[in-house]
Structure formats: C-alpha cells, structure tokens
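Could you put together the complete structure from these sequences and hints?
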Amino acid sequence: MKNHLLLEKKEIENVFSILMKTWPNAKCELEHNNHFQLLIAVVLSAQATDKSVNKALEPLLREQPQFSAFDLVKMGEDNFLKIIRSIGLAPTKAKNCYKLSKILIDKFDGIVPLNRTDLESFPGVGRKTANVILNVLCDLPTMAVDTHVERVSQRIGLVKQTKDRLEIEEDLLKIVPKKYAVKAHHLLIFQGRYHCTARNPKCENCPIHKSCLKIGVTH
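Here the sequence shown stands for residues 0 to 218, where the numbers follow numbering that gives the first Met the number 0.
In short, the hints are calculated from the structure, not lab data.
Pairs of lysine-lysine residues, derived as DSS-like cross-links and limited to a Cα-Cα distance of at most 30 Å, are as follows:
no.	residue 1	residue 2
1	Lys50	Lys20
2	Lys54	Lys98
3	Lys173	Lys20
4	Lys9	Lys213
5	Lys201	Lys50
6	Lys81	Lys26
7	Lys209	Lys173
Note that this is a predicted model, so its numbers are computed, not measured.
Below, the structure written as structure tokens:
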C-alpha cells in the first residue's frame, strides 16, 4: 500500500458525481419515527448491522410508533434487553440506552439535544454516533466514519492508509466537494455496503473503476 497515491481534486469531484448518480437515494437506513428512536438505533448499531437493529426494534415501534425516552424508562432496562437480545453486545447497549433515557428526561425533558457536546456526554454515544445524528437530523456536513467509509475511502484513494478514524474523518471533510458534503458519508456507505464490499468487491462492474486506485484490492 502506498500512502502517497491519492486521487487529484478533479478525480475526487468525478467520483462523488458518479456515486451521487449511482446511489441517489443513499440515506440512513435505520428505521425511526422520532429523534429519540434514531438516537437509540444508532447506539444499537455499533458493531451490528442496520438490518439487525431494524429487525429487533420493528415489533416495538409497530406497537408504539412514538416510543420515547419516557417509555423506555417505564419499560425498564431488563425488558428493553429482551427486545434487543438478538443484537451484538445487547446487555451493554440496553444499559446505555436506559441510562441515556434517564439523562434525557432529567436534563433535557426527553428531547434529544442537537449539539455535539451534549450528544457525546451520553453513555454509548461517541463521535461517530453524534455525527450520524447531526447529519440526519440537522443536515450538517458531518462525516460518520464506519467500517464501510474507512475501507472505501482508502481503497479508492481519497485518503491515505490509516486505522485512525478521526484522521480519516478530518481528511475527508477537507477534500469532499461542498455540494456533496451532507450526503458524502451515505454515498460511501452505500458503495461499500452494496458494491465495494470487503471481500470480492465488484470491480468489474464498478461505476467509478476508471478513477479508483484499488489500493489493497487483490483478485
């Protein structure tokens, strides 16, 4: 892997233009009906798939479409754990969701605060989770670096090779064209989730194959 091999500005513009056309409906795929539901869904999605989170929460949200922090506290940590048992790290996540619900009620009247400092003060909420919330609910040009964004951005040649996700986030925010900034991380996620997969990426049918540096790809 050669860290100095990166795409030039013109190619970066071309990559995001093509990704926008390829994934015009790229968005957060976590099902939610209100801000609180999105918050807990993102917390639950850590080291789990959006699909598994949606499947676990679907019966609950069908029964209580406006499920809130008040409802979760009333339900109790143990009962919430039973609902999310199928998700990885369920006991820890149930504990965090219960605690953050109590904090939301005590400090914010049950309303999710839409600023990074308050969001990151909640148990189970880190920078990536805050980035997702601020992007989806506020249309802010944040860059939530998950496994797909980390892999695809380096494989294409957008950023240098590193395991430091904060560094990847900062580098991407510097180079992503402004007109794609709000949607950029969703475009990279969809590209990684459905096309540029970790194993056996579909390079032969890739819409950006002419620009992609294919760093680390072996066939």
